Amino acid sequence: MNRDGRHIRLLIGLGAAALLLLGKIFSLQILNGSYKEDADRNSTIYETIYPTRGVIYDRNGKILVGNKVAYDILVSPREVQAFDTLALATVLDVDPDFIRGKLKEYRRRRSSIGFQAVTMMRTVPAETYMRFDEVKYKFPGFRGQVRSIRDYPFNAGGNLLGYVSEVNQSYIDKHPGEYRSGDYAGMTGIEAARETELRGEKGYRIFLRNSRNQIEQPYKDGAEDKEAVPGSDIVTTIDADLQQFGQELMQNKVGSIVAIEPSTGEILALVSAPGIDVSMLADIGKNWNQIASDPYKPMYNRAVQASYPPGSVFKLVNGLIGLQEGVLRPEMTYPCHQGYHFGAGHKLGCHAHKSPLNMEESIMMSCNAYYCYVLKNILDQKKFDNVAEGLDHWREMVMSFGFGRKLESDFPAELSGSIPSSKTYNRAYGRGRWNSTTVISLSIGQGEILATPMHLANLCATIANRGHYFIPHIVKASEGVEIEDRFYEPQYTLVDTLQFPKVIKGMWRAVNSGPGMGGTAQIAHVDGMDICGKTGTAQNPRGADNSVFICFAPMDNPKIAIAAYVENGGFGAAYAAPIASLMAEKYLRGETSRPDLEKRMKDADLMARVKHD
Amino acid sequence: MIENAPYKRQSIDWWLVGAYLLLVLIGWVNIYAATHTAEAGSLLDFNGRAGKQFVWILTALGLAGMILFLLPARLWEAVSIPLYGVVLGLLVLVIFVSSNIKGSHSWFSLGPISFQPAEISKISTSLLLSLWVSRQGFKMSRLKDFLLACLIIGLPMLIIIAESETGSALVYIGFIFVLYREGLSGWWLGLIGLIIVLFITTLTLGMFWAILIMIGVLVACNAYMQPSRFFKRLAICGGAVLVIALLPTVLSWLSGLVQAQIDLLDNRIWVPRADEPDHYFWSFILKIRPMHVLLGGAAVAFPLLMWWAYKKKDTFLGVSLAAFVVGVMLVFSTDYIFHNVLKDHQRSRIEVLLGMKEDLAGAGYNVNQSKIAIGSGGLFGKGYLQGTQTTFGFVPEQSTDFIFCTVGEEWGFLGCLLVIALYVFLIVRLVTDAERCRGHFARVYGYCVASCIFMHLFINVGMTIGLMPVIGIPLPLLSYGGSSLWAFTILIFIFLALYRDEKKYF
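Chains as they are written, first to last, in my numbering: chain A, 1 to 613; chain B, 1001 to 1506.
Think of the hints as simulated: they come from the structure by calculation, not from any bench.
Here the structure is a predicted model, which is why all the values come from computation and not from measurement.
Please note that a few of the clues may not be correct.
With a straight-line cut-off of 20 angstroms between C-alpha atoms, the simulated SDA-like cross-links for lysine to any residue are [unchecked claim]: (1) B:LYS1139 with A:PHE154; (2) A:LYS136 with A:ALA82; (3) A:LYS36 with B:PHE1231; (4) A:LYS202 with A:GLN244; (5) A:LYS68 with A:PHE154; (6) A:LYS376 with A:TRP434; (7) A:LYS36 with B:LEU1414; (8) A:LYS36 with B:TYR1365; (9) A:LYS36 with B:ASN1368; (10) A:LYS382 with A:ARG433; (11) A:LYS354 with A:GLU389; (12) A:LYS36 with B:TYR1384; (13) A:LYS202 with A:VAL55; (14) A:LYS68 with A:ARG6; (15) A:LYS202 with A:ARG122; (16) A:LYS36 with B:LYS1232; (17) B:LYS1313 with B:SER1228; (18) A:LYS36 with B:PRO1396; (19) A:LYS376 with A:GLU389; (20) B:LYS1232 with B:TYR1365; (21) A:LYS136 with A:ILE172; (22) A:LYS136 with A:ASP93; (23) B:LYS1312 with B:PHE1231; (24) A:LYS476 with A:ALA192.
Sequences are here, hints too, so could you generate the full structure?
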């Protein structure tokens, strides 16, 4: 074989291989344009444009939560030159060590920061920024960036509105792809419930950077930039004046007031005391420690998150069920000798009032014994094989009022309360080893029953509507904001509409019978308002009884249904009834006519009675 | 060139030295370009990679001077056996004492300096191979001689594979060019080419296409070997048809569109489907697939051809038949090799290369970013130090294995052309110088050096532009790193010394 030819062949092979490489390189660099675009995309930087957050209005168009301008202070460490740390610290109103520490940190991270700007301080108030702006030229590398923060013109509904704060890592992880470090989001209350509408959409501007990471020009002349879309405004069902009035009434007390418009289920006021001052919300970060260390837990929304025994107001439910089941007729009378006696020497006590009495009088005077008979008659009906079946039937009817389950309002973190079933007692006493007298305290809303103030307000609205309710909600439909259809659908109870007027008559008499007639809610009477109400005095294992009152007004075509619950307030008539009555008057008449009562309620300080952990 | 030159210096191939220096310089400035933003500093800042490379370059030049002017050229022939032994020992030793750097056990760490014996092994293997092949009476056609040559190449290759440095081991395949030059039948080169083609076609097009292509190639070769001119012409025509048939695949491979091809050549036309109707008597005809024809044809043709080969004493046909059997076995075991012998990262790199999967965040990330960097360079490039892709660190290993990206991005197509032309010049110069040598040792050694540089060049540049799977070997003389620069410097300058030594006597 001719070996001399071989090196030529090898060199031809080499040439072919080199051409192959160059051919591919040619196709990459000259023929295919997409790599240039990819490279541009690689070397673009996105500047975020933050949208303004939606405004929250009350039902009358007053601004509950607005926005005001604040500034973030940014710094590009590579552009910083020697400067007077002390002067900058004074201008920005921070400790000089804070600035030194930050600069030290940037120095450590310099390779990852590169030529970029980092945020040194967040949401600096406008006044501080103005001071800084005047002397900015002395501090190259530092600049401000506009940011909008929350502003609260009304001191109303602190923990109802909720607060907005910077998202942390676990929040980012829970909402993949929606947030990035440095974004803000609603954390509680309406801010959290309506976060998706309120936040709007972030926009961005795209810039190209050169090989030294300096911004050179807008990418494609801004053709692919995206404007920020401002968040939608939210109109709430809250009446700002009523809410503020309720908060004033509840100051220095623990408890809540819930007011609902019965014909729509719209929540007019949702007071939880002690509440949180709106001035703290705007800068929640700074005030967080103070809020968290408060033993009365101001961030805790008692109106939907506290479960209490409802007390005597629950007699209304038992009365309605008795009427529906046919075991109670309004004219039926039962005796009461300071209570209901059962078994050998057992007694469920009652206060002094006339005996025997009929159903209307039993509501008016809140007789305990009467409802022991009623509940016993409901549970021990012949149609049931045993008391367990009776109790479960009773439970089903109670739950049709919304008790024992979440009302599914649009409000976050609602509790369900609880209504006992036969299983509850089977577990406690054993199957067949309990009877209607074992559970007798259910008749007066004590024992194993738990309900939130929202449940009680909903009960009141149900009675006001004569048998149905609308799911309580806090957001009204408005432009760009829809609410679910279920809020427009009446929820019917298992008690016929016909039965309700009989009970309402008793509630009217409890308030409007006149002095000396024995009506328990006499104090709630306002001339010409036809308030119908029912007091409750619920046992509190930690100290004095809780004061409970529900009422609606006026009797015909009701406009407002209220539940007031004051922890350790004593009799229902002591605090809850006057407070609810004042609320109703304020809402229906726009002003109150009983300055002495109002002053007494506002000045009352029950905090000393409240035991906390 | 002046023969019988009285001065040693004049017999040094300064063109070669010039190409060498130019490449080293290009490497140095590109290392600075690739790292200058991450580590601020000048070209000569010794904390930066460019500064360190400068030190490596100076020491490498010192080594080069020592080889050219201090050490006698005769030394290399003499030390080749002990050197080979020592390096083999180091290669084995490093497996046990090395620290694990990126999954491989191939680095010795001596304080701040670490070096890879696999780099020196290229030198020792080249020297011993040259010694053996240039020995008086060596005949490539003698089995013993041939096998020993294979052993010299294969031994370090296997140990390096054991070090998990498969990439470095692949370079040794290049020595087959040396053997070819020294008399190895060209069919062996063809065979290796065929194996690679079979592997790729099996993975992308499927087994039956691979077998069909193999039959085509073997038939064409046999026809070419026939004494009749008619058959020869037929074979050339057939081969041309085959090349044209395969051209779309090759072109789409070049432009990265293999997937479209695969979709066209759906494997289902070859294998029976389960959902064919079979309630008619004649329906079995519908079930006949090209696969059946292929198997039936092979079953009939194979014994006939064997008998023919035996009767006509046609060795080439016999070997072809054997090659066919081996090839079919290879095709059927490709799947096994691919999934069981190759490691996960190797498999995914090949899958990315062949367009079988697109994994831009994982296995395909390097190559994609590297292609973006080079592709964005255009004709003239973005200018020195103006590349955004390489300086922002999108391209990994940008100063070592992916240094070619910086060239591509900042210097554009013209820069790539220049660099590749320089390499081609270097290799051509080595080959022509080697051909001029009268001493066989120097000639074989020159081919060894050329082959090593070629393999590194083709694999490395091929990798950065998506023509080869990701194989982590440096670009000779350009990539950052002392081991590699020293090894190639020694490799080249030993040849220069041998070449000059040659000239002394003529």
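Going down the list of hints, with the structure as the test:
Restraint check for LYS1139 (chain B) and PHE154 (chain A): the C-alpha separation of about 102 angstroms exceeds 20 angstroms, so the hint is violated. At most 20 angstroms may separate the alpha-carbon atoms for a hinted pair to count; LYS136 (chain A) and ALA82 (chain A) meet this at roughly 14 angstroms. With a C-alpha separation of about 51 angstroms, the suggested pairing of LYS36 (chain A) with PHE1231 (chain B) is violated against the 20 angstroms cut-off. Distance check on the hinted pair: LYS202 (chain A) and GLN244 (chain A) sit about 34 angstroms apart at the alpha-carbon level, beyond 20 angstroms; violated.
A distance of roughly 14 angstroms separates the Cα atoms of LYS68 (chain A) and PHE154 (chain A); the hinted pair therefore holds under the 20 angstroms criterion. Simply put, LYS376 (chain A) and TRP434 (chain A) have alpha-carbon atoms about 13 angstroms apart, close enough for the 20 angstroms limit, and the pair holds. Our distance criterion of 20 angstroms between C-alpha atoms is met by LYS36 (chain A) and LEU1414 (chain B), whose separation comes to about 17 angstroms. Among the hinted pairs, LYS36 (chain A) with TYR1365 (chain B) is consistent with the structure: their alpha-carbon atoms are about 17 angstroms apart, no more than 20 angstroms.
Between the alpha carbons of LYS36 (chain A) and ASN1368 (chain B) the distance comes to roughly 12 angstroms, so the proposed pair stays at or under 20 angstroms and holds. For the proposed pair LYS382 (chain A) and ARG433 (chain A), the alpha carbon gap of about 19 angstroms is at most 20 angstroms, so the pair holds. In summary, the hint linking LYS354 (chain A) to GLU389 (chain A) is not supported, as the alpha carbons are separated by about 34 angstroms, beyond the 20 angstroms threshold. In summary, the hint linking LYS36 (chain A) to TYR1384 (chain B) is supported, as the alpha carbons are separated by about 17 angstroms, within the 20 angstroms threshold.
A hinted pair counts as satisfied when its Cα atoms are at most 20 angstroms apart, and LYS202 (chain A) with VAL55 (chain A) qualifies at roughly 17 angstroms. Distance hint between LYS68 (chain A) and ARG6 (chain A) is unfulfilled; the C-alpha atoms sit about 83 angstroms from each other, more than 20 angstroms. Proximity of LYS202 (chain A) to ARG122 (chain A) is assessed by CA-CA distance (about 18 angstroms); at most 20 angstroms being required, the pair is judged to hold. Distance restraint check for LYS36 (chain A) and LYS1232 (chain B): the Cα-Cα separation of roughly 49 angstroms exceeds the 20 angstroms cut-off, and the hinted pair is therefore not satisfied.
Taking the CA atoms of LYS1313 (chain B) and SER1228 (chain B), the gap is about 16 angstroms. The hint holds against a cut of 20 angstroms. A threshold of 20 angstroms between alpha carbons decides the hint, and for LYS36 (chain A) with PRO1396 (chain B) the separation of about 19 angstroms falls inside it, so the pair holds. Proposed proximity of LYS376 (chain A) and GLU389 (chain A) is supported: the alpha carbons are some 13 angstroms apart, at most 20 angstroms. A distance of roughly 48 angstroms separates the Cα atoms of LYS1232 (chain B) and TYR1365 (chain B); the hinted pair therefore is violated under the 20 angstroms criterion.
At roughly 34 angstroms between alpha-carbon atoms, LYS136 (chain A) and ILE172 (chain A) are farther apart than 20 angstroms, so this suggested pair is violated. A distance of roughly 14 angstroms separates the Cα atoms of LYS136 (chain A) and ASP93 (chain A); the hinted pair therefore holds under the 20 angstroms criterion. A C-alpha spacing of about 16 angstroms is found between LYS1312 (chain B) and PHE1231 (chain B), which places the hinted pair at or below 20 angstroms, so the restraint holds. Straight-line distance between C-alpha atoms of LYS476 (chain A) and ALA192 (chain A) comes to about 16 angstroms, which keeps the hinted pair within the 20 angstroms bound.
Of the numbered hints given earlier, the model fails hints 1, 3, 4, 11, 14, 16, 20, 21; all others are met.
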